[in-house]
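In order, the protein sequences belong to chains A and B.
Heads up, the first sequence is in my numbering, so the first residue is 1 and it goes up one at a time.
Heads up, the second sequence is in my numbering, so the first residue is 163 and it goes up one at a time.
Check the hints yourself; a few may be wrong.
Claimed, not checked - Simulated crosslink set (DSBU-like; lysine-lysine; CA at most 30 Å straight-line):
hint, chain 1, residue 1, chain 2, residue 2
1, B, Lys262, B, Lys382
2, B, Lys335, B, Lys539
3, B, Lys262, B, Lys486
4, A, Lys137, A, Lys101
5, B, Lys486, B, Lys307
6, B, Lys486, A, Lys137
7, A, Lys101, A, Lys88
8, B, Lys307, A, Lys143
9, B, Lys262, A, Lys143
10, B, Lys335, B, Lys307
11, B, Lys382, B, Lys335
12, B, Lys335, A, Lys101
Think of the hints as simulated: they come from the structure by calculation, not from any bench.
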Amino acid sequence: MSDLEDLYREIILDHYRSPRNRGELETPPAHRAEGFNPLCGDEIVVYLELDDESAGEDAVVSQVRIGGQGCSISQSSASMMSAAIVGKTVAEVEELTRSFKAMMSIHEGELDGDEAMPSGQPGESLGDLEALRGVVKFPVRIKCATLSWNTLAEGIEEALAD
Amino acid sequence: MADISVKDAPADPLSPEEIRADFPLFANREGIVFLDSAASSQKPIQVIEAMDHYYAFDHSNVHRAAYDLAEAATNDMEGARQRIARFIGVADSAELIFTKNATEALNLVARSWGAANLGEGDAIVLTQLEHHANIVPWQQLAAEKGFEIRWIDLADDGMLDLSDLDRILDGAKLLGLTAMSNVIGTIPPVRLLTDAAHASGALVCLDGCQSVPHMPTDVKELDVDFLAFSSHKMCGPTGIGALWARRHLLEDMPPFLGGGGMILDVNRDGFIPAGLPSKFEAGTPAIAEAVGFGAAVDYLESLGMDNVRAHEIQLTSYAMRSLKERFGSDITIHGPAEPDQRGAVMSMAYRDIHPHDLSQVLNQRQVCIRPGHHCAKPLMRYLGVGATARASWYIYNDTNDIDLLGDALEAAGEFFSI
Ligand SMILES: Cc1ncc(COP(=O)(O)O)c(C=O)c1O
């Protein structure tokens with residue numbers, strides 16, 4: 001079961017069982033974005049508050065809450081994401097999102113091999129999120145892992161739009 | 163449910179082991195425990211060979227040609243149409259329209275009959291059990307035409323709540339109804355509902371996607387007005403399905419798609435539609451698929467649909483009893499409690515393991531079940547869950563598959579409790 005154990009790392013199950021930043025924020029001032037995974041019925045709600053929306057890319061994420069329901073991969077990814085982005089600027093969050101997605105997809109072409117991955121090396125800055133690396137071996141689960149990130153991107157877009 | 167032990171159970175009218183030998187997939191993927199036939203069944207060699215034979219010996223475009231080969235192709239397709247019609251109790255095969263799948267058949271009813279007959283002030287009735295294929299086409303049309311959609315709810319026992327039926331049907335023009343839930347297996351009392359619908363002047367559009375593959379079907383007995391079903395869930399190929407409707411309805415309905423094959427005459431000012439069934443079959447049809455579909459009903463008929471149904475009730479009964487015995491309150495089985503009120507699908511919740519995670523771990527043991535909302539979100543909302551883990555069985559499954567499912571559930575429980 002080594003692939004499975006790779007998918008379900010202890011830290012993932014920990015975030016699944018004890019999700020961080022679970023709940024809601026008042027809107028406004030917070031923004032609310034909702035994401036669905038039509039494949040499996042997972043739902044994620046992201047509440048996002050920025051310290052100063054007029055600062056654009058330099059605005060800092062002051063609070064995040066996560067709602068919804070879903071599998072261990074989507075829920076733990078959302079939980080880790082929420083823990084990772086508080087205190088970061090929008091620009092930094094976008095960079096983190098790019099690194100996370102790179103980790104989810106640069107492997108896509110070579111799912112069968114255990115070869116070292118080319119370029120990109122998202123590594124370091126991802127911290128706990130690294131634990132989700134095993135997801136790439138299970139292509140249908142990549143959507144689960146990226147659901148909260150796509151939803152977050154919508155929330156940010158909305159926050160900066162008004 | 164009486165407390166019959168497995169030993170006392172009546173003999174299985176089918177022989178799943180012999181049946182499996184007809185399905186190459188089981189030899190090619192040794193050890194697979196395929197419990198997802200509600201999504202799509204496996205195919206017997208008889209169907210695969212019929213399609214191969216068609217391409218190797220008989221293929222050309224159908225109709226409108228004078229040479230022998232085209233006649234062979236036409237005969238192959240029309241022969242299949244006749245056998246499929248007979249399979250659902252229909253003598254006049256011109257009433258059987260080939261479509262891409264059940265979804266297209268239901269869209270055909272909505273876009274043709276619905277668009278011509280429904281408008282503001284009208285109402286149709288759907289049930290909480292419906293698949294999106296029998297919901298969304300009506301919602302799309304309602305958004306354009308402004309008619310009302312009413313709902314028959316589900317009762318706590320997993321059957322439809324018929325307490326308010328007459329009021330819900332009052333003045334409605336159509337009842338859209340599934341003959342078997344693809345999520346919780348519920349078999350509603352179709353004839354009773356049809357009689358009630360007709361008494362209030364409503365037609366009945368039956369979604370037979372899950373019922374036609376699994377039990378005898380006679381549209382005269384059911385007395386419905388439309389019946390949609392898909393080949394790929396009943397041993398046939400993908401890419402083809404069927405709509406049956408009463409002749410007078412089809413004759414009054416405008417064509418759905420326009421193009422070649424569906425016209426009698428065309429000039430600059432307009433066209434005259436062809437007769438049935440061509441009127442609803444624009445373009446080159448799925449000929450090889452029709453041949454395969456015909457071979458599939460031959461195959462099922464050779465087993466006997468009464469036997470198929472009896473086999474599946476036994477297996478359902480065994481699954482419900484043995485999994486409950488094994489896992490007690492750790493397992494929740496959605497839907498009606500009596501196996502004979504259910505089809506061959508079982509949606510379950512196991513401990514607090516999310517269905518997606520559950521099926522991932524089961525996959526490790528080659529146990530194929532399906533997690534998700536099964537294209538029935540209104541029903542999921544009623545059940546109060548985002549997803550279920552669904553196992554479904556068919557002619558090639560036996561109690562051993564259920565035991566292996568149980569073993570895999572046990573392993574999943576261990577895996578997630580570390
Ligand atoms: C009850 C029911 N209706 C409709 C459909 C749609 O069938 P198809 O995808 O073959 O059009 C399905 C299949 O998933 C079903 O189970």
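Here is what the structure says about each hint:
This hinted pair checks out: B/Lys262 and B/Lys382 have alpha carbons roughly 24 Å apart, not beyond 30 Å. Under the criterion of a C-alpha separation no larger than 30 Å, the hint pairing B/Lys335 with B/Lys539 is consistent with the structure, at around 24 Å. With a C-alpha separation of about 39 Å, the suggested pair B/Lys262 and B/Lys486 falls outside the 30 Å cut-off, and the hint is violated. Straight-line distance between C-alpha atoms of A/Lys137 and A/Lys101 comes to about 14 Å, which keeps the hinted pair within the 30 Å bound.
Between B/Lys486 and B/Lys307 the alpha-carbon distance is near 48 Å, which puts this suggested pair outside the 30 Å criterion. Only pairs whose Cα atoms come within 30 Å are accepted, and B/Lys486 paired with A/Lys137 is rejected, the gap being roughly 34 Å. Straight-line distance between C-alpha atoms of A/Lys101 and A/Lys88 comes to about 18 Å, which keeps the hinted pair within the 30 Å bound. About 36 Å separates the Cα atoms of B/Lys307 and A/Lys143, which puts this hinted pair outside 30 Å; it is violated.
For the proposed pair B/Lys262 and A/Lys143, the alpha carbon gap of about 29 Å is at most 30 Å, so the pair holds. A C-alpha spacing of about 14 Å is found between B/Lys335 and B/Lys307, which places the hinted pair at or below 30 Å, so the restraint holds. Distance hint between B/Lys382 and B/Lys335 is fulfilled; the C-alpha atoms sit about 20 Å from each other, no more than 30 Å. For a cut-off of 30 Å, the pair hint linking B/Lys335 to A/Lys101 is broken: about 50 Å separates their Cα positions.
Going through the hint list in order, the structure does not satisfy hints 3, 5, 6, 8 and 12.
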